[in-house]
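All chains, full assembly: derive it from the sequences and hints.
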Amino acid sequence: MNGIEAKKPIELLRQVGLITAIAFAIGSVIGSGIFKKPGLMASQLESPLLLLLVWVVAGLMTLFGTLSIAEISGMFPQAGGQYIYFNKSYGDFAGYLYGWAVFIVIQTGSIASIAYVFSDSLGYFFIFPRLGPAWEAFALHIPWVGAITPFKFIGLKGCTILLILFLTVINYLGVRFGSAIQVIFTSLKVAVILALVALSFAIGHGSLANFTQSAVTFSGGYAPVFLAFIIAMSGAFWAYDGWINLTYLAGEIKNPQKNLPRAMIIATLVFISVYLLINLAYFYIIPVHEMGSKYLAAESTGQSYLVATDVASSLFGGWGGSLIAVAIMISTFGTVNGTLMMSARVYYAMAKEKLFFKKLQYVHPRFRTPGPSLIVQGIWTSVLILSGTFDQLTDMLIFVSWIFYAAAALSVIVLRRKLPDHERPYRVWGYPFVPVLFIIFATIYVVFTLYSDIVNFSSGRAPLINSLLGLLLVAAGIPGYLFWKRRKAREDSCE
52 MNGIEAKKPI ELLRQVGLIT AIAFAIGSVI GSGIFKKPGL MASQLESPLL
102 LLLVWVVAGL MTLFGTLSIA EISGMFPQAG GQYIYFNKSY GDFAGYLYGW
152 AVFIVIQTGS IASIAYVFSD SLGYFFIFPR LGPAWEAFAL HIPWVGAITP
202 FKFIGLKGCT ILLILFLTVI NYLGVRFGSA IQVIFTSLKV AVILALVALS
252 FAIGHGSLAN FTQSAVTFSG GYAPVFLAFI IAMSGAFWAY DGWINLTYLA
302 GEIKNPQKNL PRAMIIATLV FISVYLLINL AYFYIIPVHE MGSKYLAAES
352 TGQSYLVATD VASSLFGGWG GSLIAVAIMI STFGTVNGTL MMSARVYYAM
402 AKEKLFFKKL QYVHPRFRTP GPSLIVQGIW TSVLILSGTF DQLTDMLIFV
452 SWIFYAAAAL SVIVLRRKLP DHERPYRVWG YPFVPVLFII FATIYVVFTL
502 YSDIVNFSSG RAPLINSLLG LLLVAAGIPG YLFWKRRKAR EDSCE
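With positions in the sequence shown counted from 1, the corresponding number in the working numbering is that position plus 51.
Careful: at least some of the hints might be erroneous.
[Unchecked claim] Distance windows between CB atoms, simulated: (1) Thr352 <-> Phe252: 28 to 34 angstroms; (2) Ala260 <-> Tyr175: 30 to 36 angstroms; (3) Arg538 <-> Thr352: 50 to 56 angstroms; (4) Ile430 <-> Ala266: 53 to 59 angstroms; (5) Gly225 <-> Tyr175: 29 to 35 angstroms; (6) Phe176 <-> Phe252: 25 to 31 angstroms; (7) Val220 <-> Phe179: 21 to 27 angstroms; (8) Phe144 <-> Tyr175: 44 to 50 angstroms; (9) His473 <-> Phe179: 49 to 55 angstroms.
These are computed hints drawn from the structure, not numbers from a lab. Backbone N, C-alpha and C define an ideal beta-carbon position, used for all residues, glycine too.
This is the structure in structure tokens:
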């Protein structure tokens with residue numbers, strides 16, 4: 052390579068069209084949450100109407116967040132998404148801290164937890180090997196946080212790691228491979244869910260009376276019900292999480308100023324509609340008190356309870372469980388693929404700004420993918436898989452995610468003042484009320500989640516303060532920022 056060529060690094064190509072972008076956006080959201088969380092939510096809030104309201108409110112807040120971020124995505128359609136937005140709004144420290152959080156917990160934790168559900172569903176068909184009691188009981192104790200058990204369910208975790216490695220290789224080999232998988236699996240999962248909804252109302256032996264059954268009373272005041280509502284909302288937010296992931300892929304979307312905001316908004320409306328429909332089917336077939344009691348009974352014996360399995364069993368008999376297990380595997384496979392592919396672009400963008408490992412800015416000359424970023428992401432995700440279980444991972448990353456979501460919505464207001472003349476192909480509808488309402492709600496949600504985590508840990512109901520562990524992992528990146536910032540200043544002074 053001669054000197055002139057050396058100055059022209061290989062870049063990512065814009066090869067993702069609108070339809071594929073929509074598939075990525077939908078596919079990165081509809082994954083495990085809509086199957087795993089409804090039982091837990093029913094045990095927390097035994098009212099079908101209030102639970103439907105949870106899904107509506109969470110969906111509305113997600114839509115407000117999408118509308119807000121869509122404005123900035125059109126302004127800065129570059130690989131890295133929110134990392135770039137934070138840089139422009141608050142400076143490189145905020146950008147770095149977000150990028151580090153994406154790497155250390157937000158996206159890698161999301162990939163790990165969703166892949167974990169894939170393996171858990173595969174376990175429906177055979178039993179994973181496990182280590183002896185002494186190994187399973189081994190725990191690493193973190194002061195003020197709790198205990199981590201790396202060798203518990205080692206067979207299931209090993210299968211999960213193999214899935215991560217397989218999809219890392221697929222996405223290393225080219226965007227076209229990953230995109231094709233995404234379109235196929237997104238189409239399949241939406242079709243399966245809609246078919247389950249249609250059959251539930253067409254041939255299911257449900258009852259409209261189920262929607263009016265409720266164990267929630269206000270005799271103890273509104274505060275306990277409100278707290279239960281917020282706690283149940285964590286499950287809905289997990290199911291909706293991933294709505295911002297498409298911004299990471301902005302550097303590879305064709306005509307991104309128009310297609311990126313359009314894809315985000317269309318996808319959000321689609322998955323909100325799908326979630327409301329499937330929950331209507333759940334409540335039509337299974338009474339809410341039955342969902343909650345079955346979930347708690349299964350949890351007490353270390354087993355898994357899925358409302359969708361009960362619904363499918365009522366429709367197809369003994370085949371119901373197998374069909375839902377396959378459906379979850381299809382859904383989570385596509386979600387892991389999309390999330391894994393898009394998230395790696397954040398570390399690539401950080402490396403290009405000289406605020407992360409230098410080699411992560413490398414793009415494969417033939418495949419045009421950020422290979423080192425994908426590999427490093429896969430390694431750290433595997434470590435997280437060994438560290439926890441599905442609920443620990445999801446609770447930890449949702450808390451951290453919503454802190455940054457609030458900051459991202461605030462950046463819309465910051466940039467309106469900071470860059471008033473910058474071209475905005477899309478302007479958020481209802482400004483400033485939409486971003487302000489989102490910020491207020493996100494702040495309330497974060498405070499109540501932290502409070503709930505502390506109460507659950509103090510009372511012995513949870514082995515970890517998940518939100519605190521998430522914050523500690525984010526804070527652990529600060530020394531890295533100081534190191535890379537100093538190195539960047541040295542390199543810039545030598546150029």
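Compare the structure with the hints numbered earlier in the document and write down the numbers of the violated ones, lowest to highest.
As far as the earlier hints go, only 4 is violated by this structure.
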